[in-house]
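Given chain A, work out where chain B should sit, using these hints.
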Amino acid sequence: MSGDHGGPAAAVAARVRHVEALLERRGLVDARELDRAIGAFVTRASPANGARVAARAWLDPGFRGRLLADANAALPELGLSMRGGLQEQRLKVVENTADAHNVIVCTLCSCYPIALLGPSPTWYKSEAYRSRVVRDPRAVLREFGFYPGPAVRITVWDASAESRYMVLPRRPPGTEGLDEQALAALVTRNGLIGVAPV
Amino acid sequence: MAERYHPGDRVRTSRADPPHHTRLPRYARGATGTVVERQGRYPLPDLRARQLPAGPEPVYTVRFAAAELFGEGDHSVTVDLWESYLRPAGPAEQR
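First to last, the sequence lines map onto chains A and B. No gaps in the numbering here: position 184 of the first sequence is 184 in my numbering, and each next residue is one more. No gaps in the numbering here: position 66 of the second sequence is 66 in my numbering, and each next residue is one more.
The hints are simulated quantities; they were obtained by calculation from the structure and are not laboratory data. Ideal placement from N, C-alpha and C gives every residue a C-beta, glycine not left out. One or more of the hints may lead you astray.
Some chain B residues near chain A, calculated using beta-carbon distances under 7 angstroms [stated by the list, open to error]: (1) Arg23; (2) Pro25; (3) Gln39; (4) Tyr42; (5) Val59; (6) Phe70; (7) His75; (8) Ser76; (9) Val77; (10) Thr78; (11) Val79; (12) Asp80.
Now the in silico label distances, taken between C-beta atoms and shown as ranges [what the hints assert, rightly or not]: (13) Ala31/A / Gly90/B: 53 to 59 angstroms; (14) Glu176/A / Ala67/B: 38 to 44 angstroms; (15) Ile38/A / Pro18/B: 31 to 37 angstroms.
Listed below are the simulated SDA-like cross-link pairs for lysine to any residue, each with C-alpha atoms no more than 20 angstroms apart in a straight line [as the list claims (entries may be wrong)]: (16) Lys125/A / Ala13/A; (17) Lys125/A / Tyr27/B; (18) Lys125/A / Arg26/B; (19) Lys125/A / Ser110/A; (20) Lys125/A / Glu162/A; (21) Lys125/A / Asp136/A; (22) Lys125/A / Ala10/A; (23) Lys125/A / Arg23/B.
Chain B with its partners taken away, still in its complex shape:
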């Protein structure tokens, strides 16, 4: 599976609240951030935890402004996210 995103790309995280294990932290759901780097490919934990077939999938470091995540704060938080958790940010979410 080729990487869909590049460093600098704006991405939005899923808002889904799955009933199974996931590694998209709740505080980072439905948030827009910037891809910092590619980490390689790893099996998606959401599938592995349910013993479903999981091929290697790209993982990215994504940087979020604290204000985007929490509505306040001047720091940033980077979260390591599988490609399945991301979609391209819309035009209104570019900065």
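Next up, chain A with everything else stripped away, as it sits in the complex:
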């Protein structure tokens, strides 16, 4: 597998700054435009977006169906998109059920649906998570305090190409009277990665 992201980050950052300075000096990019694009992307990117998507899917079976069939086409219904980067990224939403649970990982690097989940947690980028979750997901989930029953089939989705993944958790029992906002407040980033029930 490729190197640990906890490694020589300072060297990479220095190289990026150098490349950026060269591009600016040669008039290939505008520094303010670069800052604006990164700022717009990061400020809109938050796990609150993924939580809204999950809550809407729980309340609206039509939206849920469209989301699972073609997430990129369904996101604009909530004013969201996967177009924040250089090009639109394909999003696949995978649904947890009573007998099937999903977990996402990027074993090769750290691919992650930043627009819907915000910047990824450090552990998601760690060599330990990336190498262990594909091999023994139940052991990793136990370390998060999550124990899917023995009959539950687990699928680990390795984002090794150009798609990004998000888990649609199961709606918790006893939440029948809650509105979209209250339901969204129950959804955690870990739930949308698949290392927590919700």
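This is chain B only, laid out in the frame that chain A set:
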């Protein structure tokens, strides 16, 4: 480039260990799995990383049994793979 594989097809991944960048993870090499869906077409990273011409190539979601990849485990792992990494599974690899 038209897609060669359909959902449900059994495919086997390459065993090659190239000296350049590739996006076929090592743990999924030489393994037999089932195509789940087609993702669209994207340039092959193995070519792009070497600055060689790379036209759009089909990418598939392929599901593997953990036992096939690791010799143990009851879960499955899906890996997103370019068509160049795959060949049709042989008759002995159908299930």
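- prompt: So which of those numbered hints doesn't the model satisfy?
  reply: No hint contradicted; all consistent.
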